[in-house]
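Participant: What follows is the residue order along each chain.
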Amino acid sequence: MRLEELETRLMTRILLIEDDGETAEEIVAELTDRGFDVEWSSNGIDGLDKARALRPDALIVDRMLPGMDGLNVIEALRKDQVSTPVLVLSALGAVNDRVRGLRMGGDDYLTKPFAIIELVARLEALLRRPSESRETTLRLGPLELDLIERTAKRGERTIDLLPREFRLLEYMMRRSGQLLTRGMLLEEVWNYKFVPATTNLVDVHMGRVRHKVDGPGEAQMIHNVRGSGFILRAP
Amino acid sequence: MPQLQFIRSNTFRWASTVAGVFAAFIVILFGFIYWKSDRYLIARSDRMITQQIDFIAALPPGRRIDAIADHLAQDSRGVQFAGFFGADGNRLAGNLQRIPGELRIDGPVQSVRVLQTSQADPVDLLIRAIGRRLQSGEVLVIGRNVDEVREISQVVGQALALGLLPAFSLCLLAGAWLSVRAQKRVEEVNQRVQRIIAGDLRERLPHRNVDEPFSRLAAIVNGMLDEMETMINALAGVGNDIAHDLRTPLTRARLSLERGRTHATTLEQLQEVTDKAIAGIDQSLAIITALLRLTEIENSRRAAGFGNVALHEILREVCDVYEPIAEDKNIELAVDVDRKLHVWGDRDLLFEAIANLVDNAVKFTPSGGKVDLELSRGNKETVVRVTDTGPGISEREREAVLRRFYRSDKMRNTPGVGLGLSLVAAIAKLHGFRLIVSPGPGGRVEIVCPDETATRKEETLACRAESRFL
Chain A
23 MRLEELETRL
33 MTRILLIEDD
43 GETAEEIVAE
53 LTDRGFDVEW
63 SSNGIDGLDK
73 ARALRPDALI
83 VDRMLPGMDG
93 LNVIEALRKD
103 QVSTPVLVLS
113 ALGAVNDRVR
123 GLRMGGDDYL
133 TKPFAIIELV
143 ARLEALLRRP
153 SESRETTLRL
163 GPLELDLIER
173 TAKRGERTID
183 LLPREFRLLE
193 YMMRRSGQLL
203 TRGMLLEEVW
213 NYKFVPATTN
223 LVDVHMGRVR
233 HKVDGPGEAQ
243 MIHNVRGSGF
253 ILRAP
Chain B
14 MPQLQFIRSN
24 TFRWASTVAG
34 VFAAFIVILF
44 GFIYWKSDRY
54 LIARSDRMIT
64 QQIDFIAALP
74 PGRRIDAIAD
84 HLAQDSRGVQ
94 FAGFFGADGN
104 RLAGNLQRIP
114 GELRIDGPVQ
124 SVRVLQTSQA
134 DPVDLLIRAI
144 GRRLQSGEVL
154 VIGRNVDEVR
164 EISQVVGQAL
174 ALGLLPAFSL
184 CLLAGAWLSV
194 RAQKRVEEVN
204 QRVQRIIAGD
214 LRERLPHRNV
224 DEPFSRLAAI
234 VNGMLDEMET
244 MINALAGVGN
254 DIAHDLRTPL
264 TRARLSLERG
274 RTHATTLEQL
284 QEVTDKAIAG
294 IDQSLAIITA
304 LLRLTEIENS
314 RRAAGFGNVA
324 LHEILREVCD
334 VYEPIAEDKN
344 IELAVDVDRK
354 LHVWGDRDLL
364 FEAIANLVDN
374 AVKFTPSGGK
384 VDLELSRGNK
394 ETVVRVTDTG
404 PGISEREREA
414 VLRRFYRSDK
424 MRNTPGVGLG
434 LSLVAAIAKL
444 HGFRLIVSPG
454 PGGRVEIVCP
464 DETATRKEET
474 LACRAESRFL
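These protein sequence lines are chains A and B, in that order.
Note that the numbering used here has the first sequence beginning at 23, numbered continuously upward.
Note that the numbering used here has the second sequence beginning at 14, numbered continuously upward.
These are calculated hints, taken from the structure and not from any lab test.
Some hints could be false.
Among the chain B residues that face chain A by a calculated CB cut under 7 Å, a handful are [unchecked claim]: (1) A56; (2) D59; (3) D239; (4) E242; (5) L298; (6) E365.
Some residues of chain B that are not near chain A, with every Cβ distance over 12 Å (derived) [claimed, not checked]: (7) I41; (8) A86; (9) V152; (10) G170; (11) V206; (12) R221; (13) R260; (14) H325; (15) D341; (16) E345; (17) R360; (18) N369; (19) G382.
Straight-line distance between alpha carbons at most 30 Å, and here's what the computed BS3-like set of lysine-lysine pairs gives [said to hold, decoys possible]: (20) A/K134 with B/K383; (21) A/K134 with A/K215; (22) B/K376 with B/K442; (23) A/K215 with B/K376; (24) A/K215 with B/K289; (25) A/K234 with B/K383; (26) A/K215 with B/K49; (27) A/K234 with B/K376; (28) B/K376 with A/K134; (29) A/K215 with B/K442; (30) B/K383 with A/K215; (31) A/K215 with B/K197; (32) A/K134 with B/K289; (33) A/K234 with B/K342.
We treat Cβ as the ideally placed atom computed from N, Cα and C, and that holds for glycine.
The whole structure should be built from the sequences, with the hints applied where relevant.
Facilitator: Below is the structure:
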């Protein structure tokens with residue numbers, strides 16, 4: 023981890039509202055290791071108070087909490103005009119209109135059980151929500167994406183992309199340097215609301231895009247993080 | 014006392030009421046018949062005596078006495094009365110001793126009381142009579158006994174007794190019989206339901222194959238019980254399947270962890286072992302996730318998320334997603350879209366269903382094969398068809414494939430959770446679509462979307478829209 027990255031994280035305060043002590047302990051330990059300042063609350067009412075008092079940068083909320091339901095905590099906060107991004111954890115599935123609304127509102131939903139790396143990746147994504155830039159060209163190192171013409175170039179070399187591949191690369195460029203998990207890519211690029219039976223679906227598509235982006239003799243830009251996902255970085 | 018329970022039963026009470034009403038009707042009917050015939054007979058005898066008095070009065074004075082005698086002589090039953098009286102009231106002829114006191118001379122026919130003296134025992138009789146004063150001053154009286162009307166009333170009364178009593182008893186008997194029968198059937202149903210509650214799921218309610226409400230009700234309940242039995246059996250089967258499918262990856266995870274704990278000497282070795290264990294646990298979790306997803310879809314009533322879905326777009330998207338995977342496996346994936354076709358449904362779920370079908374097809378088709386994705390119009394229905402050159406599904410396996418967790422024996426070594434088709438079936442059912450799995454060789458699965466589901470949904474939507482404006 024780079025030093026400046028760690029420094030910004032130390033100033034990032036996360037509030038975790040989770041009633042299961044052991045799960046909470048693991049999450050707090052992992053996030054602290056990664057340099058976040060984590061507060062923990064074990065029930066909805068206390069959590070809501072802390073959220074109002076501490077003004078955290080992001081919330082991780084379990085959906086089923088003693089005292090007050092997790093979604094109600096979020097609704098109460100939103101009523102107070104608090105727009106802190108929220109990552110909801112739940113043992114319940116996502117086929118629910120309230121959850122749909124949550125996702126549309128910019129928050130995220132993670133179904134238990136989850137890999138801790140998935141939680142971290144989604145939290146990072148929430149904290150670094152890309153600003154709605156009006157730029158029509160995205161640039162990262164030698165890579166250039168023209169959003170109007172729908173064309174891609176690496177240096178002088180034109181990259182021939184299929185529509186879905188273009189969308190994948192655009193999503194990755196907006197979140198360069200971030201770990202993007204398969205789950206996130208499936209949801210955001212392919213609009214998948216479920217886990218496909220073929221587990222290497224994302225890998226196959228990513229393999230094609232990487233083949234096109236990282237030509238022979240060129241420095242690698244799309245990195246595979248073993249067992250977790252992918253990162254796009256300037257070479 | 015259970016034997017007398019039928020008297021308290023509703024059926025019997027109803028039967029009694031009906032019998033009572035029935036009896037009242039019969040009494041009224043017979044009363045009416047009596048009243049009508051009485052009136053008729055009196056009117057008839059009135060007409061007769063008026064004719065007779067006219068006839069006798071019109072005769073020349075010398076023949077009147079003979080005519081009266083003739084008239085009385087012809088009457089064998091002794092119902093005729095006549096009297097011919099002088100101006101001073103003395104009897105000249107006839108069988109009436111004197112002019113009846115109540116009789117108004119020259120009035121209409123009326124009822125009067127007379128003393129009959131022709132028999133040994135004089136009787137006071139009520140007769141219909143008419144009196145007329147002739148030009149010469151004599152008074153002529155003609156009368157007729159209407160006692161035969163009373164005879165008729167007797168006949169009517171007897172008929173009433175003969176008809177009403179059996180009818181009334183019949184009503185009561187029928188009521189008792191019906192109520193006992195209903196009681197018996199309810200008792201029988203009760204006993205069988207108790208057996209079902211006790212856990213005997215194969216028990217069914219008794220019903221005859223007739224179009225009778227009770228039998229139809231029993232048939233409906235039996236249908237429900239069939240469905241429940243299938244479901245409960247399926248559930249029991251699923252329990253075993255889950256246990257089996259979870260045990261395999263968990264065993265692997267446990268073995269590698271155990272081995273790692275004793276044999277791993279370096280961090281790398283330990284990490285390798287842990288990775289294996291995590292993979293095993295992830296596979297178990299995938300099974301649980303898929304299972305929960307299936308239950309979620311089966312239990313959802315999410316018609317709220319329904320809209321007009323462009324199937325041709327979904328097909329192209331699915332093809333888009335799976336083309337590279339098919340290509341890697343050296344399988345040709347072709348999409349054939351007739352024209353733009355829409356159905357009423359949940360876009361995400363329909364995408365999931367079609368993606369699952371294509372996923373399966375690509376997974377089970379050997380290298381060098383072909384997977385076809387078609388969208389076409391059938392007879393008042395839209396059909397999504399996925400065909401492949403894989404092994405297909407045998408007749409025997411067809412039903413089982415739609416059950417949760419079933420994976421064809423040939424495919425045991427192909428990774429995958431085996432819930433794919435169950436999921437598709439659940440999604441189809443939620444939409445009112447049909448899932449048709451055709452027998453091999455070659456895989457061929459169809460989702461048939463009948464047009465009426467669309468119109469039905471549109472109607473409810475229209476209704477909802479209307480009610481919002483009201």
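Participant: Against this structure, judge whether each hint is valid.
Facilitator: Status of each hint after checking the structure:
no., hint, in the structure
1, A56, "violated, 86 Å"
2, D59, "violated, 91 Å"
3, D239, "violated, 29 Å"
4, E242, "violated, 28 Å"
5, L298, "holds, 6 Å"
6, E365, "holds, 5 Å"
7, I41, "holds, 67 Å"
8, A86, "holds, 109 Å"
9, V152, "holds, 108 Å"
10, G170, "holds, 79 Å"
11, V206, "holds, 36 Å"
12, R221, "holds, 45 Å"
13, R260, "holds, 18 Å"
14, H325, "holds, 16 Å"
15, D341, "violated, 6 Å"
16, E345, "holds, 16 Å"
17, R360, "violated, 9 Å"
18, N369, "violated, 7 Å"
19, G382, "holds, 16 Å"
20, A/K134 with B/K383, "violated, 38 Å"
21, A/K134 with A/K215, "holds, 15 Å"
22, B/K376 with B/K442, "holds, 24 Å"
23, A/K215 with B/K376, "holds, 21 Å"
24, A/K215 with B/K289, "holds, 27 Å"
25, A/K234 with B/K383, "holds, 26 Å"
26, A/K215 with B/K49, "violated, 87 Å"
27, A/K234 with B/K376, "holds, 26 Å"
28, B/K376 with A/K134, "holds, 28 Å"
29, A/K215 with B/K442, "holds, 19 Å"
30, B/K383 with A/K215, "holds, 27 Å"
31, A/K215 with B/K197, "violated, 56 Å"
32, A/K134 with B/K289, "holds, 21 Å"
33, A/K234 with B/K342, "holds, 20 Å"
Hint violations for this structure: numbers 1, 2, 3, 4, 15, 17, 18, 20, 26, 31, all remaining hints satisfied.
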